Structures are given as structure tokens and as C-alpha cells.
Amino acid sequence: MDNEVKWPDYVGAGHVLDQAMNKVKEALYNKRADFLFGSGMSKSSKVPIGTELSVRLLEEFFPRASTSKPEETTLKSLAQKYPLEVVAEAVKQMMGGEEKLTKSVEAVLFKNQKRDDDLYNLFSSICFLEGEPLVDQIFTTNFDCLFEEDTGKKWVPIGIEDNEKLRKTKRREIPKIPVIHLHGLFKQRCIIAETDIFEQKRVTNTSLMEFEHVLANSDVFVFVGYSMSDPDIRAIYMRWRKNILGRKYGPNNEDTAVFVVSPPDNGFDYTVGSSMWGARGALLIPLDALSFFKKLKHFMVYESGSKKLEDLKDILKIEDEAVLGDKVDRLARLLRVKKEDAIQFLFVARSF
Amino acid sequence: MNEAAIDTTWLNPIIRSRAYETRQDRVELSQLRRQELHAFLSQEIETSTPDKIIVVERRGTAILRALKESESYHLDFPWANVISSSVIEQVPGEFYPGMPILIFDDMKKGGSHIRRVIEKLTKMDPTKGLLRGVRVAVFAMHEDANSGSEDSGSGVAHTWFYRGLSTPAYRNIRLSILSMLQSAGSLMLDTEHLEVRVRLKRPFPSFLEALGRRADVIPFHSLGGRRNVAVVFRDNDTAHTFPDHLLPLGAKTTDIVKKCRIIERGQDEYSIIPICYPSLPKKLPEWPKAPIEIFGNIVMSSGEATFYVTALVAALHVLEWTLKALYAAGEGLVDVILPIPEFSESDSKACSLNHLKVMYPTVNLDGLSKLVAMANKKAQEKGAKLRGHPVEVSPPIEVTSAELRRRAWQLLQVVRAELDQRIAEKRLFDAQWPVPHPFGLSAREIFDLAERFGWPRVVTSALFDILIDDGHLVTCVDFNLREQCWERVFEPDGEMVSELVRLYTTQRGLPGGF
Chain A
1 MDNEVKWPDY VGAGHVLDQA MNKVKEALYN KRADFLFGSG MSKSSKVPIG TELSVRLLEE
61 FFPRASTSKP EETTLKSLAQ KYPLEVVAEA VKQMMGGEEK LTKSVEAVLF KNQKRDDDLY
121 NLFSSICFLE GEPLVDQIFT TNFDCLFEED TGKKWVPIGI EDNEKLRKTK RREIPKIPVI
181 HLHGLFKQRC IIAETDIFEQ KRVTNTSLME FEHVLANSDV FVFVGYSMSD PDIRAIYMRW
241 RKNILGRKYG PNNEDTAVFV VSPPDNGFDY TVGSSMWGAR GALLIPLDAL SFFKKLKHFM
301 VYESGSKKLE DLKDILKIED EAVLGDKVDR LARLLRVKKE DAIQFLFVAR SF
Chain B
353 MNEAAIDTTW LNPIIRSRAY ETRQDRVELS QLRRQELHAF LSQEIETSTP DKIIVVERRG
413 TAILRALKES ESYHLDFPWA NVISSSVIEQ VPGEFYPGMP ILIFDDMKKG GSHIRRVIEK
473 LTKMDPTKGL LRGVRVAVFA MHEDANSGSE DSGSGVAHTW FYRGLSTPAY RNIRLSILSM
533 LQSAGSLMLD TEHLEVRVRL KRPFPSFLEA LGRRADVIPF HSLGGRRNVA VVFRDNDTAH
593 TFPDHLLPLG AKTTDIVKKC RIIERGQDEY SIIPICYPSL PKKLPEWPKA PIEIFGNIVM
653 SSGEATFYVT ALVAALHVLE WTLKALYAAG EGLVDVILPI PEFSESDSKA CSLNHLKVMY
713 PTVNLDGLSK LVAMANKKAQ EKGAKLRGHP VEVSPPIEVT SAELRRRAWQ LLQVVRAELD
773 QRIAEKRLFD AQWPVPHPFG LSAREIFDLA ERFGWPRVVT SALFDILIDD GHLVTCVDFN
833 LREQCWERVF EPDGEMVSEL VRLYTTQRGL PGGF
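Here the protein sequences come in this chain order: A and B.
Residue 321 in our numbering sits at position 321 of the first sequence, with consecutive numbering throughout.
Residue 595 in our numbering sits at position 243 of the second sequence, with consecutive numbering throughout.
Since the hints were made in silico from the structure, they are not lab data.
Relax, there's no trap hidden among the hints.
Lysine-lysine pairs mimicking PhoX-like chemistry, simulated, CA-CA at most 25 Å apart: (1) A:K338 - B:K461; (2) B:K461 - A:K339; (3) A:K31 - A:K168.
The structure displayed is predicted, hence computed values, not measured ones.
Produce the entire structure from the sequences given, and follow the hints as far as they go.
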């Protein structure tokens, strides 16, 4: 089958990762999969993330606080030295408040931003693969609403002050899927600086409580483009780490049900990352967000092992999945339709 | 009955979605769709505060009606400010005095419908001034659909509720919208037609028997489970002819759609919807007694406008024939409820003519209501005289719902095949020949195809209703170059339906005899 995203060479056969993709797929079909999008989800939109964001914030800091602007290398060094929330705290103090900091971050983030239709659309198409949503909500630590703006009004952004709106979506009074912004929204209030993150009332925030509940109960939780650098999220996660480590999923109890989608720079990075996430009870999926969702869709639509193709194998009395794959390919070419439609066609063809 | 909607609309469900497994699920989905459409449109109206909404025919209009008539998800936007995409160019530019304008369509894949609306608006105002205030709202976008700006080349803002839908998801959402419309009793062609209600005072079979006086009658159920009746008037019946002076010169009234649809609206309450589309002979036919006082000057503004007005005038006569048959059956059969003459949105749930503003933006509803009342009075007088006179009554034709739906699908297959054949012939000489819009078959041509199956005309007429209500067939007005006349044409609803029909035909072949 074409368009299939391959695992990086350093992964080896990728058998465990294939199992993980199957788990995500099955959990999605059962509406038991949840996602948290980090800034990596916006990387291809040219939104600065991690250290890069710290650098840009420090750029904002220095022209006001000092007469000479540091070199880029100095800024990078400082950004690596201090966590983002600490840099944000300094900028907040210097600027004189949260509102000004928020505006500054918004300007920095959207300086060269462009929309990433492909990624967001792809995720949306997975969520509505059969027409009805396969997710109840998604979480994000991003402050922007690029995802909601691109994918449509079925998604509704929920900021940290939108408790009532969140409750209404849960009760289906609003026929929309909440995108829960755990750190707030630009147009409302953003949690960026250290003092805000550790504010006492944050602990009882509905969005965070919802995240904690879902993390503890979903069959599969997937962090996409998220490095667990936020102290509040990390604290919640670590509270549940034991539970996550001990969680049983399906027939293979040894497999984890938390996945982290993040592209390592190389094989060494992957080895360290796998080990680090393993200790946290999660499996590292070494792909960027776009590749991950492409692969996931591929699994959901074509990949052998899915119930649909298994059913088709039974119906057509074909045991070899490669033979079935060829048959689908040939039919798709013959009818000039997508493979997805060719599979449906085979179903319809044999059901009369 | 919703089960049939799933099975016949897309044969077996294309994807065996868990969401569609039980009837209860489907009812809930239909409700959800209504809620979503309401949320989406309300939000758009609140955001862009449009002066006008242009609804893309046909589902766009039907959705608006379903929401306007919904108690739980009521949309408050006056019909007077809604215009059908079919008649945009029939009204002068002054009709769009302010901005902004919201174009609403329920689904987008190739985008041709919206593109055509934008082209029409651009044609009306080449400076594109009109477009500056335009916003497009599409409920569900296919993953292949572009995000909008390419449609116009002038950056018309687009917004959507669902986006990135795969083909199966797109089909399923379309299907649930159709289910919602049918359960709401909102038909695709509502805004073109007059509507009069009757309340039965005797059992339904007596009603059917009365309708069968000098007409062929077939009862059936719509997918929403509502009772329907198609009453078809015969061409050769001298009791059902049109006065010569009434229609444009040379209007052809045989081999056309000349019928009445009866649709269940509530307990013992039915809507009578007269439908008649005479063919018109010229690009702009002469009409000595054009009803300008009722429809305004647009009556003679274009051949298409004249066609639609002629249809409504002719439908008044079809209404009279139908009511006459009911009155002839005796006073105790039905109570006729005429549409409310005053234009008041609060009456929109009652039987009114307000919805006609969408297709006839300049219509004088007061005047039209008087014509309806006059048709009723004439029917009452004539019907009373006929009471007791022996007449041959056609018994209702009984065909099971499953059989009707099977035949509807077969008819759709042969319509698509015939159109494809014509495309192939054209492309023998010009490989790049672009398929024009509309590109459909006339009623006569479809009746001819159906005759090869040996089906009675009234059955074929019911098949038209089923196919249109299911969103399989759409209607347009076209100028037939060969016959040099304006006529009603019918074509499969877009590439999505066409592709499905072609796939089915490739696999299963055309019905026997074709």
C-alpha cells in the first residue's frame, strides 16, 4: 500500500510500535483514546516552541531591561539555562503583568505563523472517520486556536475560565467537541509564568481535573508533540505514573497504554528517549505529528489486523493479506477510486 | 422507517459505523445533526449579522425550513431575507442593498455549487463590490474540498462546522442530514411550491378514494416514516386542462410534471402540494396576461423567471383540481386550511406562503393568498356540482416500500447511464467537452425510460418524489436547444451520488432490458 509512513531505520522491525498503532486505532474505535497536543503539534505552522520560544521571549526582555541586546548565542545559552516558565516570569515582572506578557507571547508566537491545513485536517478526518466523532475531547497546552479555526466549528476552544462551557459540552447541550486548553487561551487568560502555574487555585481548575480524570481512565492516552516540560502537567502525570505503569490493556498486559509522539534527532536520541519515557510508563513513538497521524489513518483504513480487513478476508476467503492488498490495489486502479472506496466496494460487492 | 434510509440511500452502509447500528441511534443522530446545524447557523448569523442568506439549493433551503419550524432548535431568520441560489440573478442588484450576505450550503466536496453562486454575484457586480460582504458557511467539508478562497479568486471568507471528512464520513453525515430533513417533513422542493393543508374527517382510505377521481393515485411512505401520496393527472383528461389565456403563448402542458403531492404533517393532517411545470417555447416567451401584480416585473425578466412563475400559476390549477375531487366526495371528508395571507414570521409554523419568498423574492403574498382562496372557492363550487355524479375512480396503486425503493434505484441507474452515454457521445468528437450545468433529462425522457420497465406513470411519478426526497436526484430549469424550450430537468445529485451509481452499475450491471 502506498503513502505508508515507515518507521525510522534505527527502530528496527517496529513490531512493538505497530502494536501501539493498533492499540490507538482500537481505542479510537471504542471512543477510549485521548490526545494531548503540545507545541510540537504546531511546529510545522512555524510557531516557535521550547527553547526557541524562550529565546524569542528573552529578545523581548532585553531591549527594555538593558541598553545592549545580547547576541543570539547568548540568548540561546540563557534559554537553555532557565526553564521557559521562569523566563516568562522574568518577562512578566519586567513588563508589569500577565496581560502584557500574554500579548507579547502572542506576538512572538504568531510572527511567522502559517496554517498547517494538512496536519489539522488529517487529525480531524481521523476523528470523524465514520462521520461520528471518535473522541470526546482533546487537550492541548497551546494557547492558540489554530486547530479549531482550521478544522471547524465542531470543535470549541475551552480556556481555563470556561468551566460552564465545558460542562455544557459534556452534557451535550452544546453539540461540539471541547478542545481543552490546559494553559488557557490568548483571548482569555494564559498560564505561562512560573507564579501562575503554581497558583493554588490552579489545582482545582476544572480543565486540569478533567485531564487528570481522562489520563487515569482512558484506554490509550497519546501525547503529541509534547515534551512534558510543563511542571503542572508533569506533576499530575507523575501522580498517576504508578497507575499508568500498572495499567492493563487488552490481551498483552505488558504493553503500555500511554504513548508519546515525538521525533528523535537520531538513533541515540531514540534510545535515550525510549528509556526515559519507559520509566514514566510510556512508549515513545518516534515520528513527528504529521507522520504519526498519517500512519494512524493508514492503520485505521487499510492496515491488516483491523476488523474491517479481517472481515473482508473472511468474506473473500483470502488468507494471505498481501493477496488481499493486491486485490484492493488492482480494484482501486481499475475503478479509479481511492483504496478506501475499493475496500467498501468489495464489501458491498459480496454482501448481495 | 429510518432503516430504509440507510439501506437504500447508500445500499448497504458503506462503512459499518457503530453510530448507525440501531434505529434509536439513527434517530439520535438525526436530532444531533439538527442541533449541530442550529448551533452552526445561529453562530454564523450572530457573527456576521447578514442582511440576506443565500441558500444553496436544495438541501440548504430544506435545512433552513426544518430549523425555522423546529421547536427545540428554532432558527429566527425571516424568509423575506432568504433567497435561493437558483434565482439570484432574477432579482435586481438593489435587492441586496446592504451587507453582509451569508451563503449557506450543507456540504462541499468539489465546490461547484458555491462557485456558481459566487460567479453569479460577480456577474451582477463585476467590480466585486457585492462579494466584499459575502461569507460562505458550509456545514461539512470533504477532505478534498478546498478551504474557499480558490472558489472566487477574491478571498471570500469561508467557515465550516466539519472539515477534513473522508468519503465514508461525508456520506454518513449527508445521510443523517437527509434523515433529519425527512423526519422533519422538510422537502427538497418546498420553497417552490404552494401548500394547503387538509384535516381528515373520515378515514384515510376514503381520502385516497376521493383523490383517485379522474387521477391516478399511489400511496407510499417517505424515509422519515411519513405517509405520502402522489396524485398524477392524465394528459388526455379534458377535465384537467389549462385555460389558453392563462399561460405564456405556446406553453406545453402535456408530457410534463402535472401532479399533486400529499404529505402527512400531523395526526390526520396533510399538506397538499400542487406541482406543475409547463415547458415554455422560447428564450423569453410572450405572456399577454403575465401576473405582474402578483410577482412583480421579474415575471418577464428572463426565460427562467417566466418558467418558475408559470409553474406556480399552473400549480394553482392543479390545486383546484385536487380540491375539487375532495369536495366532490362530500362535505364531511376534509377541512381545508388555507395558507395565512398575512406575512408574519410568527405564523411560520402554521400553513403560510412565507417560504415562497425564497424562490420568488418579489412575490406579493397577499395577492397570491387571494388566488389560492379563489382556487379553493372554485373547487368548492365545482366539487359540489359533481357530488353524486357517477365517475370512474382509479383504485390506489399498491406497491410495497421496498419495491418502490428498488425501482427508484433502478431508475436512477438508467438516468445516470443515459446521461453518461450522452457525455461519451459528445466526447467522441471533443475529448475535452465540459459537462455543462445543468445536464439532466426532462420528465418526458425519464418517463420514456421508465416505460421500458413497464411501470405505470403514477409509479414513476412517485419514484421521482422518492429520489428527490432522498437527495439522489436534483431538479433544475434548462433551455433545451434541440426542442427550443425551457423545461424542467432532473439529474443525479452531484458527483458523489453519480459515482456511487456508476460503481453499482459497474458491479451489478444495468437493470434487465437496458
